[in-house]
Amino acid sequence: MTLQYTPEEMMVVTASRQPGNDDVCFVGIGTPSAACNLARLTHAPDITLIYESGTIGARPEVLPLSIGDPELCETALTTVPVAEMFQYWLQAGRISIGFLAAAQIDRFANINTTVIGDYNQPKVRLPGAGGAPEIASHCGEILVIMPHSTRSLVPEVDFITSFGFGHGGNERADIGLTTKGPTLVITDLCLMRPDPETKELTVESLHPGVSREMVIDATGWTPIFADDLAETPPPTSEELAALRDLNERTARAHSRVGGHQ
Amino acid sequence: MPTVTTLHEAIATHVRDGDSVCLEGFTHLIPFAAGHEVIRQGRRGLTLIRMTPDLIYDQMIGAGCATKLIFSWGGNPGVGSLHRFRDAVENGWPHPLEIEEHSHAAMANAYWAGAAGLPLAVLKGYLGSGLPEVNDNIRFIDDPFTGERLAAVPAIRPDVTVIHAQRADRHGNVLIEGIVGVQKEAALAAKRAVVVTVEEIVDDLSASSYNSVILPSWAVDSIVEAPGGAHPSYAHGYYTRDNAYYSEWDAISRQRDGFEAWLEDTVGVAAP
Numbered sequence: 124m125t126l127q128y129t130p131e132e133m134m135v136v137t138a139s140r141q142p143g144n145d146d147v148c149f150v151g152i153g154t155p156s157a158a159c160n161l162a163r164l165t166h167a168p169d170i171t172l173i174y175e176s177g178t179i180g181a182r183p184e185v186l187p188l189s190i191g192d193p194e195l196c197e198t199a200l201t202t203v204p205v206a207e208m209f210q211y212w213l214q215a216g217r218i219s220i221g222f223l224a225a226a227q228i229d230r231f232a233n234i235n236t237t238v239i240g241d242y243n244q245p246k247v248r249l250p251g252a253g254g255a256p257e258i259a260s261h262c263g264e265i266l267v268i269m270p271h272s273t274r275s276l277v278p279e280v281d282f283i284t285s286f287g288f289g290h291g292g293n294e295r296a297d298i299g300l301t302t303k304g305p306t307l308v309i310t311d312l313c314l315m316r317p318d319p320e321t322k323e324l325t326v327e328s329l330h331p332g333v334s335r336e337m338v339i340d341a342t343g344w345t346p347i348f349a350d351d352l353a354e355t356p357p358p359t360s361e362e363l364a365a366l367r368d369l370n371e372r373t374a375r376a377h378s379r380v381g382g383h384q
Numbered sequence: 026m027p028t029v030t031t032l033h034e035a036i037a038t039h040v041r042d043g044d045s046v047c048l049e050g051f052t053h054l055i056p057f058a059a060g061h062e063v064i065r066q067g068r069r070g071l072t073l074i075r076m077t078p079d080l081i082y083d084q085m086i087g088a089g090c091a092t093k094l095i096f097s098w099g100g101n102p103g104v105g106s107l108h109r110f111r112d113a114v115e116n117g118w119p120h121p122l123e124i125e126e127h128s129h130a131a132m133a134n135a136y137w138a139g140a141a142g143l144p145l146a147v148l149k150g151y152l153g154s155g156l157p158e159v160n161d162n163i164r165f166i167d168d169p170f171t172g173e174r175l176a177a178v179p180a181i182r183p184d185v186t187v188i189h190a191q192r193a194d195r196h197g198n199v200l201i202e203g204i205v206g207v208q209k210e211a212a213l214a215a216k217r218a219v220v221v222t223v224e225e226i227v228d229d230l231s232a233s234s235y236n237s238v239i240l241p242s243w244a245v246d247s248i249v250e251a252p253g254g255a256h257p258s259y260a261h262g263y264y265t266r267d268n269a270y271y272s273e274w275d276a277i278s279r280q281r282d283g284f285e286a287w288l289e290d291t292v293g294v295a296a297p
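As you go down the protein sequences, you meet chains A and B in turn.
All residue numbers in the first sequence are consecutive under our numbering, ending with 384.
All residue numbers in the second sequence are consecutive under our numbering, ending with 297.
Keep in mind that a hint or two might mislead.
Here are the simulated EDC-like pairs of lysine to aspartate or glutamate, each with C-alpha atoms no more than 20 Å apart in a straight line [stated by the list, open to error]:
1. A:K246 x B:E123
2. B:K149 x A:E197
3. B:K149 x A:D297
So the derived label-pair ranges between C-beta atoms look like this [claimed, not checked]:
4. B:R164 x A:P278: 26 to 32 Å
5. A:S334 x B:P144: 55 to 61 Å
6. B:E158 x A:M337: 35 to 41 Å
Derived coverage of chain B by chain A (criterion: at least 3 residues anywhere in the stretch with Cβ under 8 Å from a Cβ of chain A; other residues may be distant) [said to hold, decoys possible]:
7. 37-44
8. 91-99
9. 124-133
10. 264-270
Read the hints as simulated data drawn from the structure, not as lab findings.
For each residue, glycine too, the CB sits at the ideal point set by N, CA and C.
Model the full assembly from the supplied sequences, consistent with the hints where possible.
What follows is the structure in structure tokens.
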């Protein structure tokens, strides 16, 4: 029997397969957090998850709603001040993977979480940078997870909050960045990886049931497909069960009103 | 030794129109009760400083307290937008709001520099980001030893810092536990006054470690017992984060009239 799953489940499960057991991950809230915890609950039990609130080695039972839920602190190996987090652990290069979500990403993997439209007269004011600019420059590599649409995958972002590859080529090294930058974009339709030379995001794998046309229609530029275009392996029943358990526990926990401990 | 006083008295004494004010607490221990008191006392023209404006600054901005915001992430965590913040930035309601926008790394470093008595913070940051182009308080300097190009931001030195903590003892020493954020740095960076609201005032702080985060009494100006003063954020060991309230705030704050009704019902003041 074929397993039934949603595009979002496909996206999160695929993302969860990327980090390994030895990785130290700086985890953004939302789908990055879901993917990283799914990795921990399946193939990477010893993965180190770091949230910018200062929690190192968090092992939350349910997904946090915010970056600083008590669950993160209670299950962490240690909780450090926020300045120390950004100075000793992120800036000094001790984190292998940064896992980010993005409101907007462009052809060269630059990320915008600041504004849609002009900065001084914004059409939509987005939350802003948070930790992302320095996560994007100091982690060994960056994984980006986001739903695929022409609104979110655009030829050029309105504002570069976090630098990917600029206009492509060697621009990253030219401005003094020594880390890899975004190495993989995981959407609900496909996987995209920067071309080794041009750094343009290139479709390397389509999720099951997704056609080239669907990706072309949902992308704000005409995407390039890899010569050896692959099909992403579907979720296993174990992965799906672990993700659904996690989501169910999380929904139950968050519907409860805060009370005395 | 700090004065142990009421919330009304502490805010009336220390927070003045036109001040730069910092109400910190990184998701945890956000001083909501104190923020509501600032709204009740009708403060205007404030420069509000916080890494994550959160619901507390959404409320203070909507109530008309602020003319400037210095921040690094202005969303409702895990929920979406801060609608009152967006209405001020996008439409100038109830007042136009000047913004000075940073990254978390820069703000955390700027608090740290403020606490350390330095005029600026230096960091490896903002490389390739558009923020330096829209914020004149982000500049670059060359390391005099290696020539490496580094980002620089001014130290944060608010007139007044307000934080919430678990406990104070009767001498006025303050204990902060759990996600400690940048509260210690923000308190020590204050130029004129530090106000601390606490869940309870006790005989013995009962710190759980020799290395607990403690603000000595002589670094604090006013202590206020305000149980529940961090709700809907949380006070670790006392009450958990009211995640449902954070979700409900989206509907309460989306329209101006909904927010104004909340302002009257919950804080007890008329709309701005």
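Hint check:
Simply put, K246 of chain A and E123 of chain B have alpha-carbon atoms about 17 Å apart, close enough for the 20 Å limit, and the pair holds. This hinted pair does not check out: K149 of chain B and E197 of chain A have alpha carbons roughly 31 Å apart, beyond 20 Å. At roughly 15 Å between alpha-carbon atoms, K149 of chain B and D297 of chain A fall within 20 Å of each other, so this suggested pair holds. At roughly 31 Å, the beta carbons of R164 of chain B and P278 of chain A sit within the given window of 26 to 32 Å.
Restraint check, S334 of chain A to P144 of chain B: a C-beta distance of roughly 58 Å satisfies the suggested window 55 to 61 Å. Distance hint check: the CB atoms of E158 of chain B and M337 of chain A are about 36 Å apart, consistent with the given range 35 to 41 Å. As drawn, the stretch 37-44 of chain B meets chain A at 0 residues by the rule of a beta-carbon pair under 8 Å; below three, the given contact is violated. Given a C-beta distance limit of less than 8 Å, the hint that chain A covers the stretch 91-99 of chain B holds, as 4 residues qualify and 3 suffice.
Evaluation of the coverage hint for the stretch 124-133 of chain B: fulfilled, as 6 residues show C-beta separations to chain A shorter than 8 Å, against a requirement of three. Residues of the stretch 264-270 of chain B with a Cβ under 8 Å from some Cβ of chain A number 7, which satisfies the need for three, so the listed coverage holds.
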